[in-house]
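Visitor: Sequence:
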Amino acid sequence: MEGFRGQAIPLIYWKAAKVTFPRQFEEAMSELRSLSTKAWLRDKDPKWSRAHFSTRCKSDLLLNNNSECFNKIILESRDKPILMMLEIIKRKVMIRLVSMNEATEKYLGPLCPKIQKKLSEIVSQSNNVWPVYAENKKYEVDCGLGNKHVVDYINSSYSCRKCNLSRIPCPMQWEHVRDMESIFPPMIRRP
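FYI, the numbering for the sequence shown is 2 to 192, going by my numbering.
A few of these clues could be false.
List time: in silico DSSO-like cross-link candidates among lysine-lysine, alpha-carbon distance up to 27 Å [as the list claims (entries may be wrong)]:
{"#": "1", "residue 1": "Lys149", "residue 2": "Lys16"}
{"#": "2", "residue 1": "Lys73", "residue 2": "Lys91"}
{"#": "3", "residue 1": "Lys119", "residue 2": "Lys19"}
{"#": "4", "residue 1": "Lys118", "residue 2": "Lys149"}
Because the hints were derived from the structure by calculation, they are not lab data.
Starting from the given sequences, assemble the full structure and let the hints guide the process.
Guide: Printed below as a string of structure tokens:
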């Protein structure tokens, strides 16, 4: 946040932006208000926070970074005749594929670095998660700091809004693959 020095206010601001429940948003905003009334965003509509995002889809169009990047790449060729434009696009796609292939050949791990980083973050966060069996394949999952959710395996429901907002299915909704080769950690050898 511009105009505010120190680490506390931006950290609380991002905490308010990232929480998925309105109650947690209100707690973060009251914490922000206690630190600075100037930083408190009471005049702003709270829809900027993930807690107030709608889970209903507003459009069936898919606009993402891939289409934006592709449009930027083909920008110089758009005013050319059609055959020349297609040749320029073909050449750029080929160069991109070769450069990506060379980059993947250099990496020796089983997962790409970004996915490996996300996976290690999830593993470190899982140390704070405690499932407690309730009944009828229902669990209460305690994520620490009073953050509790209900997981119902029979109805495939999960009370945490993160899955609804991100559209990434919860682990219980993943398709089970039976014939997949096991993924093991890399062998550690002495030099």
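Visitor: Decide, hint by hint, whether the structure agrees.
Guide: Here's how the hints hold up against the structure:
A C-alpha spacing of about 17 Å is found between Lys149 and Lys16, which places the hinted pair at or below 27 Å, so the restraint holds. At roughly 15 Å between alpha-carbon atoms, Lys73 and Lys91 fall within 27 Å of each other, so this suggested pair holds. The suggested pairing of Lys119 with Lys19 holds, with an alpha-carbon distance near 16 Å, which does not exceed 27 Å. Distance restraint check for Lys118 and Lys149: the Cα-Cα separation of roughly 25 Å lies within the 27 Å cut-off, and the hinted pair is therefore satisfied.
Of the numbered hints given earlier, the model fails none.
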